[in-house]
Amino acid sequence: MAEIKSVELKVGLEVHVELATRTKMFTRAPSPAHPDYDDSPPNTLIDPLVLGLPGALPVMNREAVEMSMLVGLALGCEIAEFTKWDRKSYYYPDLPKNYQISQYDLPLCYDGSVYIPLPPTPEEDDEHERHKRIGIIRAHLEEDSGKLLHELPGGHAIDYSVVDFNRAGTPLLEIVTQPDFVNADEVVAFAQFLRNICRFLGVSEGVMQKGHMRFEPNINTIITLDDGHIVKTPIVEIKNLNSFRSLRGAIEYEFKEQPERWKKDGKEMGPGAKSTRGWDDVKLVTLMQREKEDAHDYRYFPDPDLIPVQVSREWKEKVRERLPELPHVRARRYIHDYALHAKEAAALTDEHDVCLFYEETVEAIVQAIPGVLSDRAGRLAANMILQQGAKRANEQAVLVNELGITPGQIAEIVKLREEEKIGSSAADELFGLLCESGGSDGGSALRAESPPADKEDTAQRAVPPMTVEALAEQHNLLQVRDEGQLDAWIDEVLADPANAKTVEDVKGGKTAAIGRLVGGVMKRSGGAADAKAVRERLEEKLGG
Amino acid sequence: MELHDHTLIQLRDAIARREVSSEEAIRASLARIDSLDTGENGLNAFLEVFHDRALDDARAIDRRIAAEGAEAVGPLAGVPVAIKDNMCLDHGRTTCASRILENYESPYTATAVQRLIDAGAVIVGKTNLDEFAMGSSTEHSAFGPTLNPWDRARAPGGSSGGSAAAVAARMVPGALGSDTGGSIRQPAGLCGVVGVKPTYGRVSRYGLVAFASSLDQIGPFARNCADAALLMNVITGHDPLDSTSVDFEAPDHLTELERPLEGLRLGVPRLARSDQNHPEVARIFESAIEAYSGLGAEIVDIELPLMKSGVAAYYIVAPAEASSNLARYDGVRYGRRAEIGPNDDLVALYARSRAEGFGSEVQRRIMLGTFALSSGYYEAYYNTALKTRRLIKNEFDAVFADASGPRVHAVLTPSSPEPAFKLGAKLDDPLAMYLEDIYTVTANLAGVAGVSIPGGFVDLPGAPKGLPVGLQLLCPTFAEASMLRIARMFEKTGDWNSRAPEL
Numbered sequence: 001m002a003e004i005k006s007v008e009l010k011v012g013l014e015v016h017v018e019l020a021t022r023t024k025m026f027t028r029a030p031s032p033a034h035p036d037y038d039d040s041p042p043n044t045l046i047d048p049l050v051l052g053l054p055g056a057l058p059v060m061n062r063e064a065v066e067m068s069m070l071v072g073l074a075l076g077c078e079i080a081e082f083t084k085w086d087r088k089s090y091y092y093p094d095l096p097k098n099y100q101i102s103q104y105d106l107p108l109c110y111d112g113s114v115y116i117p118l119p120p121t122p123e124e125d126d127e128h129e130r131h132k133r134i135g136i137i138r139a140h141l142e143e144d145s146g147k148l149l150h151e152l153p154g155g156h157a158i159d160y161s162v163v164d165f166n167r168a169g170t171p172l173l174e175i176v177t178q179p180d181f182v183n184a185d186e187v188v189a190f191a192q193f194l195r196n197i198c199r200f201l202g203v204s205e206g207v208m209q210k211g212h213m214r215f216e217p218n219i220n221t222i223i224t225l226d227d228g229h230i231v232k233t234p235i236v237e238i239k240n241l242n243s244f245r246s247l248r249g250a251i252e253y254e255f256k257e258q259p260e261r262w263k264k265d266g267k268e269m270g271p272g273a274k275s276t277r278g279w280d281d282v283k284l285v286t287l288m289q290r291e292k293e294d295a296h297d298y299r300y301f302p303d304p305d306l307i308p309v310q311v312s313r314e315w316k317e318k319v320r321e322r323l324p325e326l327p328h329v330r331a332r333r334y335i336h337d338y339a340l341h342a343k344e345a346a347a348l349t350d351e352h353d354v355c356l357f358y359e360e361t362v363e364a365i366v367q368a369i370p371g372v373l374s375d376r377a378g379r380l381a382a383n384m385i386l387q388q389g390a391k392r393a394n395e396q397a398v399l400v401n402e403l404g405i406t407p408g409q410i411a412e413i414v415k416l417r418e419e420e421k422i423g424s425s426a427a428d429e430l431f432g433l434l435c436e437s438g439g440s441d442g443g444s445a446l447r448a449e450s451p452p453a454d455k456e457d458t459a460q461r462a463v464p465p466m467t468v469e470a471l472a473e474q475h476n477l478l479q480v481r482d483e484g485q486l487d488a489w490i491d492e493v494l495a496d497p498a499n500a501k502t503v504e505d506v507k508g509g510k511t512a513a514i515g516r517l518v519g520g521v522m523k524r525s526g527g528a529a530d531a532k533a534v535r536e537r538l539e540e541k542l543g544g
Numbered sequence: 001m002e003l004h005d006h007t008l009i010q011l012r013d014a015i016a017r018r019e020v021s022s023e024e025a026i027r028a029s030l031a032r033i034d035s036l037d038t039g040e041n042g043l044n045a046f047l048e049v050f051h052d053r054a055l056d057d058a059r060a061i062d063r064r065i066a067a068e069g070a071e072a073v074g075p076l077a078g079v080p081v082a083i084k085d086n087m088c089l090d091h092g093r094t095t096c097a098s099r100i101l102e103n104y105e106s107p108y109t110a111t112a113v114q115r116l117i118d119a120g121a122v123i124v125g126k127t128n129l130d131e132f133a134m135g136s137s138t139e140h141s142a143f144g145p146t147l148n149p150w151d152r153a154r155a156p157g158g159s160s161g162g163s164a165a166a167v168a169a170r171m172v173p174g175a176l177g178s179d180t181g182g183s184i185r186q187p188a189g190l191c192g193v194v195g196v197k198p199t200y201g202r203v204s205r206y207g208l209v210a211f212a213s214s215l216d217q218i219g220p221f222a223r224n225c226a227d228a229a230l231l232m233n234v235i236t237g238h239d240p241l242d243s244t245s246v247d248f249e250a251p252d253h254l255t256e257l258e259r260p261l262e263g264l265r266l267g268v269p270r271l272a273r274s275d276q277n278h279p280e281v282a283r284i285f286e287s288a289i290e291a292y293s294g295l296g297a298e299i300v301d302i303e304l305p306l307m308k309s310g311v312a313a314y315y316i317v318a319p320a321e322a323s324s325n326l327a328r329y330d331g332v333r334y335g336r337r338a339e340i341g342p343n344d345d346l347v348a349l350y351a352r353s354r355a356e357g358f359g360s361e362v363q364r365r366i367m368l369g370t371f372a373l374s375s376g377y378y379e380a381y382y383n384t385a386l387k388t389r390r391l392i393k394n395e396f397d398a399v400f401a402d403a404s405g406p407r408v409h410a411v412l413t414p415s416s417p418e419p420a421f422k423l424g425a426k427l428d429d430p431l432a433m434y435l436e437d438i439y440t441v442t443a444n445l446a447g448v449a450g451v452s453i454p455g456g457f458v459d460l461p462g463a464p465k466g467l468p469v470g471l472q473l474l475c476p477t478f479a480e481a482s483m484l485r486i487a488r489m490f491e492k493t494g495d496w497n498s499r500a501p502e503l
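Heads up: the sequence lines are chains A and B, in that order. In terms of this note's numbering, the first sequence is numbered consecutively and its last residue is 544. In terms of this note's numbering, the second sequence is numbered consecutively and its last residue is 503.
Simulated from the structure, these hints should not be mistaken for laboratory data. One thing to keep in mind: the hints can contain errors.
Stated by the list, open to error - Once the Cα atoms are required to be at most 25 Å apart in a straight line, the calculated DSS-like pairs of lysine-lysine come out as:
#1 A/84 to B/393
#2 A/88 to B/387
#3 A/147 to A/239
#4 B/308 to A/84
#5 A/256 to A/210
#6 A/132 to A/343
#7 A/10 to A/316
#8 A/523 to A/501
#9 A/343 to A/316
What you are looking at is a predicted structure, and each value in this text was computed from that prediction instead of being measured.
Excised from the complex, chain A in its bound form (with noise of 0.2 Å):
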């Protein structure tokens, strides 16, 4: 038998985004996907129509086909003139009308396509953008089921069964890609970029622990044998994989496994042939679930409680004049207009709050420091959030925006820096401190000792937050500049006798010597000289 000589990777894609409208997919009871109500205890967000009592009626939340509208035009999709709503018949106990609302022929969205950002490779330098293009097949909505729990919560062991209806007809956006992924490193950017992009929307938290977004990968390999025989594998669909990490295990594991299950069996991709099969978060294995999945007969049919859904051309511009700046947008923009570099822009547009915050801190630099330049500005910004306060936030394991430093307190310390009254590590202990005193109304390290407020006077007004500067001034991290103190510094220096060799090398030509003499000035004023204003001094001095 023909050994093999290569195998490579294909999957498509399917997402189960649910998305954070307040109400439901067809009725008012509220929804866990909205942040208000993730919380609840179970069977309390529910209502006639959730549970599926008799007499109930669906009726459409426009919402969430204005969110599912946002999405697919971020996709690049076509949004669908007319479509409709389509029944799903199965039992199951999480399923309360025992068929789901989906659509059936006529998807909200289709024909879509995204380029998403790579990681560079190791062999790549770190500028490099690499892209590639997804195909998306289709992106339609449905209701989600209940969950059905085999223990109390809590943990307690029961022999039964029971459900919880407070997911039952979340609206779902199910979006469906074409098997354009080679490996899993795509996928899970693709999943990245597409839970970034609902973030962007505001179409959703894009919380996996909490399910907002699930994954369902179908994978095979083709395998190309040493005699030239190309041999596709069956199908696997994985069921409800709901964070990257297990994304990654699953497809990784199937690519791995594949090739060996077909030396065993010798089944090859066909009618018939596809099966499910669920992820082992413990074990790292994929275990069989179904094996037939034509087996199935959905019985789908026009739900003729609902009345189709016609998208006029005003009602997808409006929905399209919704549509925010999206984060590989924003990432370009900020290449083209503040000069950064691609990892950068990637890592400030990685993540909805810190993008935001990064923009109100360019706008802030702006307000604060009358003539600068906006791409100077950004170039500022850039790097405040991502050395000072990356640094931190990893250390912390939060997000920058979540620091406690404000956009405006960061865009004050650029200010000092700018007009030279701190050095950079003051600059960074200030950063250190602002953070420290956590909240954007100017924390204990901001404020003023004052007599406790009068009950008539706002909280605002009774306590005027300290200045950055201020606070800079307490901690002694402004930059001495007075010409007096820096002579007697730089005296002192030039007379220790440890510095004679050098001073003789600068007075000799040898200018490049006199970063020692200014770093003993910087060392001997504890941080606080000017070091440009040292250095003029000295060259002074030394009459250059």
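Following the hints, put chain B in place on chain A, whose structure we already have.
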């Protein structure tokens, strides 16, 4: 005249004038129900009667009438009405005459019923029906058949047989039913009362337990056209809870009721004169045509060639939707749950709960519908039925609309091909039972409005006062007001609706 002989408007006006209290009216209704409905030979029109609750409600209405006046309370202030037991009410049980919902209590009230209550009506009870409204005789009720008040050996028709019989027997002056393929009009015809099937979308379906969502419509039963028009005024209107309810206001159905329609053109389809009609029905139908002629109406012979295909299309579309609508009755969340053993699985729970809970007719339709929607058969059955449905609608459009004005204002047919049939006569022959709907189903498929009014009486053994025969008028969508005017023109030519069965 006794209180129970009052028509809805007569009773309403007497209460408004404070000649009668609502409490007295409700007591009279309850007494009539108690004497006629239960025990041996009881009509069994009601599945549940709210004795205490109705009297409490009536006393509350009386207090409000005393304080605010009847007009402020509403156009139905203090009158008793009954509702078919497939409409949700937030007290009592909502059974759909099914074992599977035998003890089901709805936490909410259907919109149409709430509109009755808001208009001041007192709900005295819930009426019998064919299980889940599937049937044409009310014999498919899990709680026993309703008897026809004109001859207890005969069926009242169905599926709203309980509401039709309750009004015919003067237990209540008005009631609500639901019509999916004729379930208001056919029993109205067989019980000698007025029954309206409004245009699809005219009355909210919210809280009506679905049989076939695209066909179901709630409508009123009453003893005459004016009462039916008043009930229509109360129950019609947009409901944001029903996506298929239309968002434009219905006219007042009463204001022009007495004004005859000038230049009336009535279409008589060839099928309505076919030899499948009982000879007595044919005779009454012809005399009705003559009566309209005598009123100056132009009688137009029309072809509705697909009318005869209506039943075939209907018995695909309706069961298909029903198979899906009834999937929720699985014993998991509410309703009857079968006992299962420790080794039984989920499928056993489903299968046994549904086998025990559903009667044979419901099971038959679920199987029919499931088959029609199955992959490989969908195109041949469901899609073909939908195409037929569209063509039937086109036929009606062509008959009702013309460049130079409507070809006809209404289509006239018998409500059903024969007078009330004997209990059990068609129980073992589903096809014969389905053909009861031959004149009625097309209105549901096309979504147009329809009404059945008493057309006359025939003498058959067992019915000392004769058996009523219904006359059906079908009208364009949202033309209920003119439809009732046309019906009223005929109503004035006879005294059929003042006849009462001997009970």
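Now the hints, each set against the structure:
no., hint, result
1, A/84 to B/393, "holds (21 Å)"
2, A/88 to B/387, "holds (22 Å)"
3, A/147 to A/239, "holds (15 Å)"
4, B/308 to A/84, "violated (31 Å)"
5, A/256 to A/210, "violated (30 Å)"
6, A/132 to A/343, "holds (17 Å)"
7, A/10 to A/316, "violated (34 Å)"
8, A/523 to A/501, "holds (19 Å)"
9, A/343 to A/316, "violated (34 Å)"
The structure is inconsistent with the numbered hints 4, 5, 7 and 9, although it conforms to all the rest.
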